[in-house]
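Number of protein chains: 2
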Amino acid sequence: MFESAELGHKLDKETYKKAVTALRADLLEAQFDLKENKKIPVVVLVSGQDGAGKGETINVLYEWMDPRFISTLAFSTPTDEERERPYMWRYWRALPPKGRVGIFAGSWYSGPIHDRIEGDMTQAQMDQRIDQINRFEAMLVNEGALVLKFWFHLTKDGQKRRLKALEKDPHTAWRVTKWNWDRLKTYDQLQVVVGHVLRMTNTPWAPWIIVEGEDDRYRSLTTGKIILDTIRQRLADPDKQVTPVAPPILPNIDGRDVISALDLTHALTKKQYESQLAKWQGRLSELVRDPRFKQRSVICVFEGSDAAGKGGSIRRVTASMDARNYQIVPIAAPTEEERAQPYMWRFWRHVPRVGRFTIFDRSWYGRVLVERVEGFCAEADWLRAYTEINDFEHELSEAGAIIIKFWLQVSKDEQLRRFKEREKIEFKRFKLTDEDWRNREKWDDYHQAVCDMVDRTSSGQAPWTLVEANDKGYARVKVIRTICERLEAALDATLPTTAATPAKGNCRGIKCGKKG
Amino acid sequence: MFESAELGHKLDKETYKKAVTALRADLLEAQFDLKENKKIPVVVLVSGQDGAGKGETINVLYEWMDPRFISTLAFSTPTDEERERPYMWRYWRALPPKGRVGIFAGSWYSGPIHDRIEGDMTQAQMDQRIDQINRFEAMLVNEGALVLKFWFHLTKDGQKRRLKALEKDPHTAWRVTKWNWDRLKTYDQLQVVVGHVLRMTNTPWAPWIIVEGEDDRYRSLTTGKIILDTIRQRLADPDKQVTPVAPPILPNIDGRDVISALDLTHALTKKQYESQLAKWQGRLSELVRDPRFKQRSVICVFEGSDAAGKGGSIRRVTASMDARNYQIVPIAAPTEEERAQPYMWRFWRHVPRVGRFTIFDRSWYGRVLVERVEGFCAEADWLRAYTEINDFEHELSEAGAIIIKFWLQVSKDEQLRRFKEREKIEFKRFKLTDEDWRNREKWDDYHQAVCDMVDRTSSGQAPWTLVEANDKGYARVKVIRTICERLEAALDATLPTTAATPAKGNCRGIKCGKKG
Chain A
480 MFESAELGHK LDKETYKKAV TALRADLLEA QFDLKENKKI PVVVLVSGQD GAGKGETINV
540 LYEWMDPRFI STLAFSTPTD EERERPYMWR YWRALPPKGR VGIFAGSWYS GPIHDRIEGD
600 MTQAQMDQRI DQINRFEAML VNEGALVLKF WFHLTKDGQK RRLKALEKDP HTAWRVTKWN
660 WDRLKTYDQL QVVVGHVLRM TNTPWAPWII VEGEDDRYRS LTTGKIILDT IRQRLADPDK
720 QVTPVAPPIL PNIDGRDVIS ALDLTHALTK KQYESQLAKW QGRLSELVRD PRFKQRSVIC
780 VFEGSDAAGK GGSIRRVTAS MDARNYQIVP IAAPTEEERA QPYMWRFWRH VPRVGRFTIF
840 DRSWYGRVLV ERVEGFCAEA DWLRAYTEIN DFEHELSEAG AIIIKFWLQV SKDEQLRRFK
900 EREKIEFKRF KLTDEDWRNR EKWDDYHQAV CDMVDRTSSG QAPWTLVEAN DKGYARVKVI
960 RTICERLEAA LDATLPTTAA TPAKGNCRGI KCGKKG
Chain B
480 MFESAELGHK LDKETYKKAV TALRADLLEA QFDLKENKKI PVVVLVSGQD GAGKGETINV
540 LYEWMDPRFI STLAFSTPTD EERERPYMWR YWRALPPKGR VGIFAGSWYS GPIHDRIEGD
600 MTQAQMDQRI DQINRFEAML VNEGALVLKF WFHLTKDGQK RRLKALEKDP HTAWRVTKWN
660 WDRLKTYDQL QVVVGHVLRM TNTPWAPWII VEGEDDRYRS LTTGKIILDT IRQRLADPDK
720 QVTPVAPPIL PNIDGRDVIS ALDLTHALTK KQYESQLAKW QGRLSELVRD PRFKQRSVIC
780 VFEGSDAAGK GGSIRRVTAS MDARNYQIVP IAAPTEEERA QPYMWRFWRH VPRVGRFTIF
840 DRSWYGRVLV ERVEGFCAEA DWLRAYTEIN DFEHELSEAG AIIIKFWLQV SKDEQLRRFK
900 EREKIEFKRF KLTDEDWRNR EKWDDYHQAV CDMVDRTSSG QAPWTLVEAN DKGYARVKVI
960 RTICERLEAA LDATLPTTAA TPAKGNCRGI KCGKKG
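As you go down the protein sequences, you meet chains A and B in turn.
The first sequence maps to residues 480 to 995 in the numbering used here.
The second sequence maps to residues 480 to 995 in the numbering used here.
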């Protein structure tokens, strides 16, 4: 893997100077085209051994390119806002928008490599993280990103020479600490870990580019040329996508499916409703005030047919809570800043810290529901969304979030009755839109999309709860009861101490574990 | 001040119920109109004594209104990302966008009141903060916000009764801690501080609304009614603004001004340029690596005539730095999310943490330059911008930021020469736009705008440095030298210990302290 980067590559000053003059102009032009094109974010990872010239090359790139449209993010110790969210949150918030270049000095690879060497992570845990990273990068590429992963390599002797040279120069001596020399001692161990990580993440969509690090001129020029060439290639074919590997949708041949199987006649009398509602609301009110809740967070997702009563259910849930501890995030059309990012970005930005409760009124499932049915995105996009959604929820759950997802289902007749009722009420907030009627015409398409969604995204950690919603009272009680039960189970599994990291599960099935 | 809130206001259940039914429908409708109107953010501060029912009333408001378009922010201990930025940063990031309601449970008032009672803040410091708050709220109102500040008041006996009642109810007992009872002992002291703060911040544009807190029904209904009435009033007259009090612009009657006074013949030979550039770049490279810099941050602003060489100067500055420690923020047209916020919001979001260097390529001064000259905003808006900008920079500087502002000036002839030169270069990044030529036609208007800007926003902490830029070398050296000198002076004034808070100055002059 590192063979070609141990040949002692070197470049003389004259050759370098000549090459750089041409490269600079070309890079600026490519960057300009990228900015005008507004479709491609460029994600550049600069990683490698200590002293391999990561900082030097980043600075040279800044000299060559227009620094106003590059951002460089160095990731040192996570802030507390970052620590209280999933591992990938800090990287999501740092992604460059379309048309810009984002350089990551230190990246999602730094954590696992460091932890593995320090012995804070088992091989199995690291492989899980690697798997997650591969999926994350595939998502980026599918979203149109150009992902360039550089590894600057040094031989052991080369590293020793580089550190000595840095130490000798008064301008750079401050950079070499005892820690760097200690790292040299663990060179072989690092190589083993890095070799494994690089091999496992050397995907067709985001391959590693290994560059010999010892000679400044060789390293920087090689890096610059690769950046130029790959940007040009992508600009020539901006819609290029990696074909997502998604299992085909099962045909429904016997008319049986999870939605048709629901018994929509479930109902409560007014008296039953009132007493059960009071009971579960009281229970919920205690649960969210449980001191163990401070280590967890809750993410509730409400999806459902139009007029299925999502709003009413949400209000019955929040009635038990303190407004200072929850947020309701209504999902509407994405904003301009959101459109310049991968699809999931606008949900990542609302991920709560621990101790908080976030309710999504509609959610990331829009991709596989309305966007699929209405053709708002390409088939390839919604097909890959199932995997991306599962990955997202897995990350959340790994970070201690309790994920509770509801699909509220009414019958076609009941929906019609409610539409007509709404038409009668003059109060405009409930005004029916043409869109509601249009959606109704696609009832069967939505039905199929919901079944596929449940099949593909109901996981052990994040099961769907299907709610029979023809009777509002029954639905509301079922919603609150489910939240209480999930919360209770999760809190019981939470240690009463302030252990920062929740248990890391490896259950990641996409199989349906639906409740109720 | 509190007299009307000590009358023992009380509401019977029947009256309350009837009033609430009407109020709910009206509130929902008002909220809907607000959302459609998209012009007015509603900022509701809910503050008051312990046990005065702040949480209860917020929860009731959620029941009455559509919770999807309200956000409630409770501010407890600041996170590290917040602590390393100016006091107001956490509130700026929490502002509701236009059309939404943001409830602040705890607000910019909590800090100073708490610190004053604990003795961590002198009266003078508190009055400075109050002054800042008044200016901040005036800005909000000028930007179209409806600012409602509620103070829920309790008499001393009333507070004792409320705490006892809360303690007796098993559902609320957890909320009453020893800390609350201790606070009761300091009731009188709190009243003195609160009385002062409320009086000083009882402005015509954001007056306090004092509501007796003891009776739940009375308090919530009063609050709800006031919210409804004020939203309705504002919707009836959405463009209402507080007239900003800004001193008139001085007429230029003798042709003398800071820009005309510049000697644009300053120049360096190539040799002088190279040796001086190397010298100051080396110096800068050491300064940004000084350990004391970890306690400070630098905010550099580059403004200037078109083709004055801002980009080239910025590149000479960043050449001395490590890309991992600085960000360049190019200011272009605001995004959709930025347009839904006060003008200064999009700069607040880029405020760096300590230890970082941020360069703004164009800046918040756009308001008093291009927006003023081209008529992109109302006169009232750019007139009040001077004050808002000074307030912003004062906050930054109070939090330890070193603010360095450059105006690069070329002569009209030199600009023409550069435009023509650019036209000859085919490389498209330097393509001249029609806008450049149009701006040139308004040369005199820009000239006047720059003079006014310097006069009004060059302060002791954030002086303008006017750079004679006909000679590029001279300009670049002056820029780097100025940064070095400012940085050096600031670091010398920084204690070598890790004292978290920088010295709080009270110098806030708007007088011109320009250098060079």
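Be a bit skeptical, because a hint or two may be false.
If chains are identical, the list can't say which one is meant, so a pair holds when it fits in one copy or spans any two.
Stated by the list, open to error - Quick list of in silico lysine-lysine cross-link-like pairs, DSS-like style, CA-CA up to 25 Å:
1. K635 <-> K773
2. K891 <-> K635
3. K750 <-> K492
4. K635 <-> K664
5. K758 <-> K518
6. K951 <-> K657
7. K903 <-> K704
8. K921 <-> K899
9. K891 <-> K951
It should be emphasised that the hints constitute simulated quantities derived from the structure, not laboratory data.
Values in this document were obtained by computation on a predicted structure and should not be read as measured data.
Hints, verified against the model:
1. K635 <-> K773: Neither, since 47 Å and 33 Å both go past 25 Å.
2. K891 <-> K635: So K891 and K635 fail the 25 Å test inside a copy (70 Å) and across (59 Å) alike.
3. K750 <-> K492: Answer is between; shortest inter-copy Cα gap is 22 Å, intra-copy 88 Å.
4. K635 <-> K664: The answer is within: 9 Å in one copy meets 25 Å, while 68 Å across copies does not.
5. K758 <-> K518: Neither: 52 Å inside a copy, 42 Å across copies.
6. K951 <-> K657: neither (67 Å within a copy, 43 Å between copies)
7. K903 <-> K704: Result: close neither inside a copy nor across copies, 67 Å intra and 27 Å inter.
8. K921 <-> K899: within (18 Å within a copy, 61 Å between copies)
9. K891 <-> K951: For K891 and K951, the Cα distance is within 25 Å only inside one copy (15 Å; across copies 73 Å).
In this structure, the hints that do not hold are numbers 1, 2, 5, 6, 7, in rising order.
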